[in-house]
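S.K.: Heads up: the protein sequence lines correspond to chains U and P, in order. According to this note's numbering, the first sequence is numbered sequentially starting from 254. According to this note's numbering, the second sequence is numbered sequentially starting from 7.
If you are wondering where the hints come from, they were derived from the structure by calculation, not from laboratory data. Be a bit skeptical, because a hint or two may be false.
[What the hints assert, rightly or not] Label pairs and their calculated CB-CB ranges: (1) U:351 with P:33: 38 to 48 Å; (2) U:359 with P:114: 19 to 29 Å; (3) U:356 with P:68: 30 to 40 Å; (4) U:318 with P:46: 49 to 59 Å.
[Unchecked claim] Quick look at which bits of chain U chain P covers, simulated, 3 or more residues with Cβ under 8 Å: (5) 322-336; (6) 349-358.
In this text, all values refer to a predicted model and were calculated from it rather than measured experimentally. Even glycine gets a Cβ: it sits at the ideal position worked out from N, Cα and C.
Single-letter residue listing:
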Amino acid sequence: MKLLDPRSSVIDKRLKRIRRVIAVSSGKGGVGKSMIATVFALIMAKSGLKVGLFDLDFTNPSTHLIMGAKNVLPKEEKGIIPPFFNDLKYLSLVFYSGDKATPLRGVDVSNALIELLSVTQWGKLDVLVIDMPPGIGDVVLDLIRLVKKIEFLIVTTSSQIAFHTVKKQIKLLRELKVKTIGLVENMKMNKIKTIQEETEKLDLRFLGDIPYDSTLEESIGDCDKLLATNFSKMINHTLLIKEI
Amino acid sequence: MHEWALAEAVITAASKIAVKEELKEIKEIIVKIGELQQVDEDILIFAFNQLKKDLFRNTLFYIVKAKSKLECRVCGFKWDFKTQNLDENTVESIHFVPEVAHAYIKCLRCGSPDFEIIEGRGIWLEEIRGVK
Ligand SMILES: Nc1ncnc2c1ncn2[C@@H]1O[C@H](COP(=O)(O)OP(=O)(O)O)[C@@H](O)[C@H]1O
Ligand SMILES: [Mg+2]
Ligand SMILES: [Zn+2]
Chain U
254 MKLLDPRSSV IDKRLKRIRR VIAVSSGKGG VGKSMIATVF ALIMAKSGLK
304 VGLFDLDFTN PSTHLIMGAK NVLPKEEKGI IPPFFNDLKY LSLVFYSGDK
354 ATPLRGVDVS NALIELLSVT QWGKLDVLVI DMPPGIGDVV LDLIRLVKKI
404 EFLIVTTSSQ IAFHTVKKQI KLLRELKVKT IGLVENMKMN KIKTIQEETE
454 KLDLRFLGDI PYDSTLEESI GDCDKLLATN FSKMINHTLL IKEI
Chain P
7 MHEWALAEAV ITAASKIAVK EELKEIKEII VKIGELQQVD EDILIFAFNQ
57 LKKDLFRNTL FYIVKAKSKL ECRVCGFKWD FKTQNLDENT VESIHFVPEV
107 AHAYIKCLRC GSPDFEIIEG RGIWLEEIRG VK
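Next up, chain P with everything else stripped away, as it sits in the complex (with noise of 0.2 Å):
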């Protein structure tokens, strides 16, 4: 239930939008979430559920699954995340600090650690529609 803990920094970021663009409420809120911190979907939307109230009374949540994309740094080779190769510990780790991927993760051509996260990392608001 770690998710719990993102969905309100979602709810908490749209607030300060809201009171910024003087929204009345908020009807649409559209969140990313990156493969590589593995967020589960239900839990998420179960959460923003269970924090509807006032400005979010009527919000739709929509949740859109994005891919995770690594690039290398050393030979520039890029490549998609995958859970496979990786035992449930690991998944679980780099689900709560996507970061220690660094620990865990080596370049499919070259073997180093050294890469950089380009797309896909966590959670992301992608876009809020509201009413003024």
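Chain U with its partners taken away, still in its complex shape (with noise of 0.2 Å):
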């Protein structure tokens, strides 16, 4: 009998004794998911749950810069073990690639999502937010093939060239029949609501809106800072665990 890769089998048992795993994902990069990602995780930790951060945009990881996350690494010991930063769980292949260029194709970007997937032992949490990558490529089909709890939180921001490609990602999870929880209108800048209209008009819950914050760029690289935007406040407003 000739066999194959044994990864994928033991990844149901390394989600076990995760509840919720929801990826913060939009067919759009720029959008704010991973801004979005980083601080909502920050906020359920801080208000008690156990919380993990994994971040799987391979070629453009930046959850570690939003946080300021230095000299953090993984323990291993029957696995890697994710470090505790800011309450949370924390992963990121910049730990592994030490934010070099980190060119991977297809392929690649699967092995390395099967492999982290398989030996990370994340242990009991609440919720594991995933900062995804853009797009509906590799990443999200994977996910949706191996983590079957996976939750989707749609972003997008006012602007219908990203709101297109949004619409088309909808769909695609709506016949792959993957859980979505909503849409957050990121970045927002006026009072127009054709975005919340046309979502319902799809059925799906429009979460709310975050306007635009000037000050969030200056408060990068620092949890508390982060946390004390209004940004911060929004998303806490917005996205309450319990009632999503």
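Two chains, each in its own frame: build the complex with the hints.
M.R.: Here's what the structure looks like:
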């Protein structure tokens, strides 16, 4: 009998003690996925939940920059043990690629993802937040295939261009019968309700909008500053974990 | 001891196959390990022995080492991966996630990081023999 890759069989076991896995995703780049994923995770952790943050944007990891995570490294013990950073269990490929450019083809992306999912010991978590790469490529398809309890939180900006790709993503997720929690309209600078109306027409929950926050940039790299921003207040208001 | 997690993956995969094939006992498992990931053979065997129970009570584990072959997608050059020129931290990083090799290794001929790992990446379940 010729056999194959043994790794994916153990993934269910590794994720067994995680209650919810929430992928912060968008068809588009630059809409605020990483910022929302990070701040959402930090807020939940501060409220006393057991939270993990997993950066799966392998080509452009940025959660470590947002949090200012320096000198944190995973431990090795019957697998990879994600380190605690600001009350979060945190894992990023940056721990291994060292912020060097890491050009990965689709097959490499899948392999790296399967490797991390099969050897990481997250332990017991209320929520694992995943910061996704843009688009509907390999990471999205592999996660849907390998992580049965995955739920998607969709991010768009007010731009029709961003929302156009997001709509396609929502349709795809429907076809794949994946749970979608709802949509967030980020960096809002007007009062126009188009995105909300169109989202509701798609029968998807509109979770709310988050205004453009000009103080956000200067808070990057400092979790306490981030949590004190209006952006953070709005995330707290829009994404109440008990209600989504 | 990250080998333990890989050993557990092998055992879990083999258990699933045993159910499908209606095997009562697994006699032999042959695992292939690619040079790129630098899996420690002794630790892997140690982990397998710790996981020996039920179906695997009497299983003999064999480990076959495979050379890692890389091929440049730009100029087509093929070479065998060797750890000689890499520092300890780099080897360690590649050990955890072999794909990060793309951050550290370049084509020996043209310098491109766009190469394919054509053989010998990580751990592979090569063969399992059991009794019905
Ligand atoms: N509500 C907001 N107000 C101001 N700037 C924002 C807001 N949301 C995100 N940003 C900024 O926009 C840029 C892109 O955000 P990021 O989270 O990296 O996007 P993505 O992960 O979707 O590519 C970052 O510089 C981030 O600080
Ligand atoms: Mg991002
Ligand atoms: Zn080359």
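S.K.: It remains to establish, for every hint, whether it holds in the given structure.
M.R.: Evaluated hints:
no., hint, result
1, U:351 with P:33: 38 to 48 Å, "holds (44 Å)"
2, U:359 with P:114: 19 to 29 Å, "holds (24 Å)"
3, U:356 with P:68: 30 to 40 Å, "holds (36 Å)"
4, U:318 with P:46: 49 to 59 Å, "violated (33 Å)"
5, 322-336, "holds (count 5)"
6, 349-358, "holds (count 9)"
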